[in-house]
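In case you want the letters, here they are:
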Amino acid sequence: MADFSDDVFFSSIPDLNARLKAREFSAKELARAFLDRLERLGPEYNALSLSLRKRALQEAEDVDGDMKRERYRSPLQGIPCGVKDLLSVGGLPTTWGAKPYQDLVFEDDATVVNKLGGAGAVLIGKLAMVELAGGGGYNSADASLTGPGLNPWDKTRWSGGSSSGPGSAVAAGLVTFAVGSETSGSILTPSAFCGVTGLRPTYGYVSRHGAMALSWTMDKIGPMCRSAEDCGLVLQEISGGDREDPGSAGKSFYYTPRFARKFEDITIGFAPADFEEWPEEPIRPVLRQALETLIGLGFKVKEIELPDLPYGPVTGTIIDAEGSAIFEPLIKSGEVDQLADASQIAGLKAGLEIKAKDYLRAMRIRRIIQKRFRELFVDVSLMVTPARFGVAPSAFESLDSPGPERPRPDSRGLSSLIPAGNLTGLPALSLPCGFVDGLPLGISIVGRPFYENTMLAVGKAYQQRTDWHTRRPPAPS
Amino acid sequence: MTDKLTRRQMAVALAGAAPAATSAAVPAQSAPQQDPLAAAREQIGESIASMEEFDLPMSAEPAFVFKPY
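Chains as they are written, first to last, in our numbering: chain L, 221 to 697; chain A, 880 to 948.
Bound-form chain L, shown alone (with noise of 0.2 angstroms):
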């Protein structure tokens, strides 16, 4: 039986892939001692929503099967990892991280669950969510099924949501990669907060047929993992045309850094107020070396500024009544009652009452929301902002809790490129750039539709020069 060092459990997909094409040790050995992992640790995060032990070891042990033979899958091939419990696995529960859905079986697997078989990842968890992925809107950590997501690198503070579990998991080592999703900041809020590398891919790349859906229009499934290469290999892997996704772009993505447009030739547009003026103090002078480091890459910069345009209420109105028509038999049922947290349940009920002309204005605007962002991307080809403008919060206090107050900044930057940018179905990538009293924080590059190889390659380059992406938390006690 083989010893694993804590080496193993924070690689990266082509140096784990690699020992197991060298016989270190086999596919169940490695899923066993991952799964000893999670079981063990996922709870002191609230990270697991269930492990798939059996079923982890039969893929494992294929995975074995066909290493034997030299049959080579994908990258992936033998990798442990974990989804977002929103994403069906036939036969076993799928709770959306709810109480009135605890006991939810679906009879097949999400097509990413699929996909993911296919290339011979080994899923081995379930991982934790916060309820409805926060359709209603929430305000406290507590939102979940599983209790608040605590953050592996302070315990006293949030993972971040709606993909908590993901997001503390691949931080923690405790899976080598996980499948999260983003309606509004799901994945670059736990990617930056717990120092991870998350991407939210362009809407319609990965199929979103056997996830639970909160907006048709704005979900989008993605990886969560220890580094911009991993992203792209996951990427290759998930994405692709599904007949049975409306909303499929119907196009595959081949990770090819190589073939990335020359960073020479890439403008980069910034906004000086996201990293002088939005951040809180002491986090601004990592953002600024980030920014900073990135720049020295090679690139053309442009100064730039999010048209005016109101993104908060359009975004906030789609998603509230997609979500709540969504949800209407809950909502009506009266089950929604039994959501932990009150202000998810007041907008979800709120969310109903949205008449389809205030629907329908704000997909007016945001059409011309996309127009907007077309006449942008002539000038630049990458936006560049902070993942988030603070740390972490505490898991225990309401997310709603008054900050230290400081003066209103005079730009509006891209400091709005959270919604507007899910808005238009753009690709975002968030990469940890630094730590302030040891809590990670996150730069965020978003591209163009479908321009994901580039913003992987400079993901990738950028952490070819610093190494934020590979420290590792506390061990827990």
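Honestly, the hints are just simulated from the structure, not real lab data. Check before you lean on any hint, since a few could be wrong.
[Stated by the list, open to error] Chain L side only, calculated, beta carbon under 8 angstroms to chain A, not exhaustive:
hint : residue
1    : Thr437
2    : Pro530
3    : Pro533
4    : Val534
5    : Ala562
6    : Ile565
7    : Ala570
8    : Arg586
9    : Ile588
[Said to hold, decoys possible] Within a straight-line C-alpha distance of at most 35 angstroms, the following computed DSBU-like cross-link-like pairs (lysine-lysine) qualify:
hint : chain 1 : residue 1 : chain 2 : residue 2
10   : A       : Lys946    : L       : Lys577
11   : A       : Lys946    : L       : Lys569
12   : L       : Lys591    : A       : Lys946
13   : L       : Lys552    : A       : Lys946
Where a beta carbon is used, it is the ideal one built from N, C-alpha and C, also for glycine.
Please arrange chain A on chain L, whose structure you already have, making use of the hints.
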């Protein structure tokens, strides 16, 4: 003279306009001790009011497309 911002006000400003829910990332902006349902309705009302102020050309179509197959 510059205004000072609390963290809640900063989060609201990050959503791009008057108070609005950007669910699944930024928590709902509820007034302290207000009934949550009233607060949610107020927030939605503010979003709608904000969108009504936006000068929307008649020709603007919604950002979804029906395909006949």
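Verification of the supplied hints:
Proximity of L/Thr437 to chain A holds as hinted, the smallest CB-CB distance being about 6 angstroms (cut-off 8 angstroms). Hint on L/Pro530 holds. Least Cβ distance to chain A is approximately 5 angstroms, under the 8 angstroms limit. With a least beta-carbon distance of about 4 angstroms to chain A, the hint placing L/Pro533 at the interface is held under the 8 angstroms criterion. Annotation: L/Val534 was flagged as interfacial toward chain A, and the flag holds, the nearest CB pair being 7 angstroms apart, inside 8 angstroms.
The beta carbon of L/Ala562 is positioned within 8 angstroms of a beta carbon in chain A (closest approach about 5 angstroms), and the interface hint is therefore held. Contact between L/Ile565 and chain A, as hinted, is supported at the beta carbon level, the nearest pair being about 7 angstroms apart and thus within 8 angstroms. With 8 angstroms as the threshold, the beta carbon of L/Ala570 comes within range of chain A, its nearest partner Cβ sitting at about 4 angstroms, so the hint holds. At its closest, the beta carbon of L/Arg586 sits 4 angstroms from a beta carbon of chain A; the interface hint therefore holds under the 8 angstroms criterion.
The beta carbon of L/Ile588 comes within 6 angstroms of a beta carbon in chain A, closer than 8 angstroms, and the hint placing it at the interface holds. Between A/Lys946 and L/Lys577, the direct Cα distance comes to roughly 22 angstroms. Compliance with the 35 angstroms bound is thereby established for this hinted pair. For the given pair, A/Lys946 sits about 31 angstroms from L/Lys569 by alpha-carbon distance, which is consistent with the 35 angstroms threshold. The hinted pair formed by L/Lys591 and A/Lys946 meets the criterion: a straight-line CA distance of about 21 angstroms does not exceed 35 angstroms.
As the CA atoms of L/Lys552 and A/Lys946 are separated by approximately 31 angstroms, the hinted pair is consistent with the 35 angstroms bound.
Consistency with the previously given hints is maintained throughout, with no hint failing.
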